[in-house]
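Chemist: Listed here are the chains, written in short residue letters.
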Amino acid sequence: MEAAHKKEERKSVFSDYDYSNFYYGAGDDPVNLLGPFREWYQEAKPNGYYLYSEPLSSAPATHVQVRNGKTGAVHDLLNLASYNYLGISYREEVKQAAIEAVNKYGLGASGSPILSGTFDIHEELAREVASFKAKDAAILFPTGYSANVGFISSIMRSGDTIFCDQYSHASIVDGAILAKSKTVFFRHNNPLDLERKLGGVRGKKLVVVEGVYSMDGDVCVLPEIVDVAKRHGARVLIDEAHSTFLFGANGRGVAEHFGLDQEVDFHLGTFSKSLGGQGGFVCGGRDLIDYVNAFGRSRFFSCNLAPPLVAGLRAGLAIVEGEPELRAKLWSNVAYMRRRFAEEGIDIGKSTSQVMPVLVNNDAKVFAVAEKIQDRGLYLQPVTYPAVPKHKSRLRISVSAAHTEEDLEQAVRVIASVLREEGICR
Amino acid sequence: MSLTRYGYRNAISGFFEFPTDNARRILPAGLEPVELHHGTSIFSMTVFDFTESEVGAYGEAVMSVIVVPLVKPGERLPKSAFYPYLVATTTRAAREHAIERWHLPHWMEDVEIAFEPQGNRLTAKVAADGAPVAEMAVGDYSWNPVSHLYQSFMRDGDKSYLASITMEGEQSEHEEETGRVRLHEHAFNKDLAVSEVYDVPFREIWMRNGAQTFQPLVQLETA
Ligand SMILES: Cc1ncc(COP(=O)(O)O)c(C=O)c1O
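In order, the protein sequence lines correspond to chains A and B. Counting from 1 along the first sequence, just add 2 to a position and that's the residue number in the numbering used here. Counting from 1 along the second sequence, just add 6 to a position and that's the residue number in the numbering used here.
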């Protein structure tokens, strides 16, 4: 008891606090939470939060230069953190296209897409994306975040109901908030719970799912979800942020993978992951796209995508279409990692995609584990509460087609040795 | 400053998702529910097995909505805050004490509370008027000594009160979704749309061998 008491005394006031404790606070002044947050953050940062936003000073390739958030030293690390799933962001063709566009158009679009900010290459990219997705039309947004916010709020209103997976990305939730619709969350990837919640709800209904869930890397059980939604007269939106350009025979995404391209009503994606760029899009029929053009606030009250970026995206899309072997390489890398992690007894939960959570399941240790792994040459991100439930902390890994087998083997070895030293795997 | 201390053997809490519409129906004006997701607020049930207090040993069930804490510059930030909309005790003395001192709203009859340990789970069963009201089970995880500050808001007539409460003891806290609540159709649960309370707690907190200490009550300006 004496020892326990001493241990407790050493704990600071904020040692059991996390981001979630600083979100809500009533009082007389909007800045009341700044002081307590600063106090907490000053303590939390050196204990692990410094691992977030460490600046890179190279392209997000398989090897990156990272400035250590604690020491300031720059290290060459093997990169398992970037979303560059096909290694496209730094390809010569992409860089060249962007450079040429800078020379032709300069830096920015200098206008909203519905006013002066639409250039010829915006229209071309939209046409090419629609053709890639085998849809009539596509509409571009400044980011994937903006695509969800703008699309959902363009078609749903107060009095309508939006059914979201409990692990929905913040952009989906924010879209629902902006739509002012009633929002109902169903248990993660659980069509039975969705069915229970849809029952008896009248009026306009939208079910929103993700192709691949970004914290667990599991794939949506789309056939069952679509079946339930159809039976209840609900429309389905799929956010394929982490699955477009990767899944399906043509790379169109998880809807194509399941043969449900036609059954899913609305298809949304981003250019920030597999294309290594930035921007979001929605595809569908011409009427839908014209309507979203008219009512997608996050899009038309924002400047259009920068032309050099658009040029780079077009070059990236051409690579995806011209080099299907990139997808094959990604999937063989994923299979390699899955096999090796299984051999090493490392738990990656329900992941069946290129996003793999290495489960640490120990909130107190996750930063120390991530720090040790970084010290041994790997760049990856710890994820802890509140981004995932308590005690479900993990290291999030993104496998890329650009990784070599040697890269992956090195990663598995480092991770396995640290997890063993920390008693997290056998 | 005189503190009021209640020693407990066990205090178990489940945090359950329920619609924000329901939370708002329960809350008085001026208190905002904390939302877990947009449109989803938090109903919490805590059951205490008090072993020592000014009014002796007794059992207590507290039904609350988690609300936004009050933050004041220079004062310690609470971990969270709640609005207990219904408290039930196993003794009249405990009830009268809590009504008088803390202005807590009570079920005005004695209730029966039974704790049933089973392996690493503890179930609390609450019955009122001879009929079951609620059964809640929580499981344990790892145990750590803690001392956490909470705020409790009370409304009594047109007056508003705030109690700062420190919970000390060994704590197990997790989100393994291993617990369960069964809320019976009973006048006790009339404030809840029972079918809309998700019966698996997203968070389970179990505290044991500790004390709950109240700082003196503060009266707030009512809006
Ligand atoms: C499922 C999902 N949707 C949308 C986004 C937002 O995409 P962007 O980064 O392009 O804004 C993300 C990004 O992490 C995501 O994971």
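These are calculated hints, taken from the structure and not from any lab test. In this text, all values refer to a predicted model and were calculated from it rather than measured experimentally. The reader is advised that the hints may include incorrect statements.
Listed next, the in silico DSSO-like pairs over lysine-lysine satisfying Cα-Cα at most 27 Å (straight line) [what the hints assert, rightly or not]:
| hint | chain 1 | residue 1 | chain 2 | residue 2 |
| --- | --- | --- | --- | --- |
| 1 | A | Lys392 | B | Lys85 |
| 2 | A | Lys199 | B | Lys196 |
| 3 | B | Lys165 | A | Lys47 |
| 4 | B | Lys78 | A | Lys367 |
| 5 | A | Lys352 | A | Lys331 |
| 6 | A | Lys47 | B | Lys131 |
| 7 | A | Lys97 | A | Lys72 |
Chemist: Against each hint, give a clear statement of whether it holds in the structure.
Modeler: Evaluation of the provided hints:
no., hint, result
1, Lys392(A) <-> Lys85(B), "holds (15 Å)"
2, Lys199(A) <-> Lys196(B), "holds (22 Å)"
3, Lys165(B) <-> Lys47(A), "violated (42 Å)"
4, Lys78(B) <-> Lys367(A), "violated (32 Å)"
5, Lys352(A) <-> Lys331(A), "holds (22 Å)"
6, Lys47(A) <-> Lys131(B), "violated (43 Å)"
7, Lys97(A) <-> Lys72(A), "violated (32 Å)"
In this structure, the hints that do not hold are numbers 3, 4, 6, 7, in rising order.
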